[in-house]
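A.B. asks: Take a look at the letters that make up each chain.
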Amino acid sequence: MSAITRDEVAHLARLSRLALTDDELDHYATQLDAIIESVAKVAEVAAEDVPPSSHALPLTNVFRADEVRQSLTPEQALSGAPAVEDDRFRVPRILGEEA
Amino acid sequence: MSLIHKTAAELGALIAGGEVTAVEVAEAHLDRMAEVEPKINAFLHVDRETTVEQARAVDARLGAGERLGPLAGVPIAHKDIFATADMPTTAASKILEGWRPPYDATVTSRLRAAGLVILGKTNLDEFAMGSSTENSAYGPTRNPWDLSRIPGGSSGGSSAAVAAYEAPLSTGTDTGGSIRQPASVTGIVGMKPTYGGSSRYGLIAFASSLDTPGPFARNVLDAALLHEAFSGHDPMDSTSIDAPVPSVVEAARQADISGMRIGVVKEFGGDGYQPGVLARFHEAVELLESLGAKVVEVSCPSFSTALPAYYLIAPSECSSNLARFDAMRYGLRVGDDGTRSAEEVMALTRAAGFGPEVKRRIMLGTYALSSGYYDAYYGQAQKVRTVISREFEAAYHQVDVLVSPTTPTTAFPIGERADDPMAMYLADLCTIPSNLSGNAAISVPCGLADEDGLPVGLQIMAPVLGDDRCYRVGAAVEQALESRWGGSLLSKAPAL
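Quick mapping for you: the protein sequence lines, in order, are chains A and B.
When we follow the numbering used here, the leftmost residue of the first sequence carries the number 1, and every step to the right adds one.
When we follow the numbering used here, the leftmost residue of the second sequence carries the number 1, and every step to the right adds one.
Next comes chain A alone, as it looks inside the complex (with noise of 0.2 Å):
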């Protein structure tokens, strides 16, 4: 059996953001199998008791004093967008025809 189907892998690219096409969608459902079969064997570990990790060091957070400090310009913020206008980044609509 497959730990995961091609319908599977067509929903994780809309999540990811990913316009992928037929022939993707088949290869990626092959190679994600074979993938996941594989990391499925972290299950081995007996591990009920034992706490996550979800980083190497003990840290707890960190924080400053809220002072103004010197950021970047405009223009420098918007130094690398794909497109611009009035000192803003101009984006493709966000919302719906009926919206």
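If you're looking for bench data, these hints aren't it; they were derived computationally from the structure.
Fair warning: there could be bad hints in the mix.
Said to hold, decoys possible - Beta-carbon label-pair distances, calculated as ranges:
1) B:P102 / A:D66: 20 to 28 Å
2) B:E66 / A:T73: 23 to 31 Å
3) B:P38 / A:G80: 25 to 33 Å
4) B:S247 / A:A65: 28 to 36 Å
5) B:G292 / A:A77: 53 to 61 Å
6) B:A34 / A:A46: 56 to 64 Å
Backbone N, C-alpha and C fix where the C-beta goes; we use that ideal spot for every residue, glycine too.
Knowing the structure of chain A, use the given hints to seat chain B on it.
C.D. replies: For chain B alone, kept in the frame of chain A given last:
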């Protein structure tokens, strides 16, 4: 001896003594790059003028009596995943083609402050995801030992540049082995510092809980000098450790391991390991014993699940980190013809801008984090991470450092594993545990495999903030082996 064959320490001393200028040293390396780059392809961006300009500025600073560190005027190749305000920064991805960051990474600004001269930006697997540098959107880098083979990855441009004498030093980042494995397969030294020992600010993020900047060099002392130049606490990185940098340069100079306790990890070896790699490794262990170390076998049974845990944790973090490439604020934008929505433009851009390995990992991470699968995959992987850290901790109660081969095989041929992700992932089998636990680890050359005459690396692992132990043991091994070989391992490499 020509300038390109000198060590970084020697070059720094010559420049400080006024015997040669930083400009002369930079030009010697730029000439070497012009000569061998058509074969190696280690660099994604080179700008002779900007480099010579930097060197001239360092000469002026030294001339004005400014006291810079021991590497002032020494050239360096910089991995193209660190932000540089004066050079493009692409992470070897089409999605960032030509992007110029508005600021320098902390590592970059520390290199500049120490007077290092940046020769250019080096090739890598796209967003540092890979073990061969074949996942670069700008073509593979070739191994100077054999141009048909990979230079390791993800920092393969950085390892190849140093091994090809294009630069005496380079920077890398290590998330699952991306410094140590390339160092191993190109016959040079590569160090992954303790996680949090070097700053991630301005480093394009792959897996934030694992990413660690570190040095490449042709010898242990040079690596230590570079380590010291850019490491240490950075208020701009909230996971940076607020403690002094371990005394790595002193340790590299001492190179004395008498009385040290060294553990051989029982689980690393056997099936899947190339015989020539194991032979050189076992000789290195005997050498450590002959130098006065006490060698014992140590068992870390859960290390066999480090690889699967890593391939859940790293893709999960990457799927979240790479969400920032949304075609809105910087980088590529595709399909914005006035009829498409932002979401459609985003999906088209990401499909066009990311390569296959990046897409695979984003989808794998999205899967591992999705409700219904989270506990079985990401949650369980985090628990395995705890178990592995505990096994390291127990091992370090018995010994001062652990040793293993750096990677199970020598450099494999370009193309061999390109479309077999699981085979590719095995290259990081021995390096991944140290990323999960955050401890320090180095790879130093320990000989050539009999089957193919290619370099083998010895990995030395030490506890968190025990970076100096890696250098101490690494320097002792280097000294003993180089006297046996009558020179460096790299001097045996074929001429380019």
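A.B. asks: So, for every hint listed, does it hold in this structure?
C.D. replies: Comparing the hints with the structure gives:
1. Separation of B:P102 from A:D66 is about 23 Å and conforms to the stated range, judged on CB atoms against 20 to 28 Å.
2. Our hint of 23 to 31 Å for B:E66 and A:T73 holds, since their Cβ atoms are close to 29 Å apart.
3. Distance hint check for B:P38 and A:G80: the Cβ-Cβ separation is about 30 Å, which falls inside the suggested range of 25 to 33 Å.
4. B:S247 and A:A65 have their C-beta atoms about 31 Å apart, which keeps the hinted 28 to 36 Å range intact.
5. For B:G292 paired with A:A77, a C-beta distance near 58 Å keeps the hint of 53 to 61 Å intact.
6. Look at B:A34 against A:A46: about 58 Å separates their beta carbons, and that is inside 56 to 64 Å.
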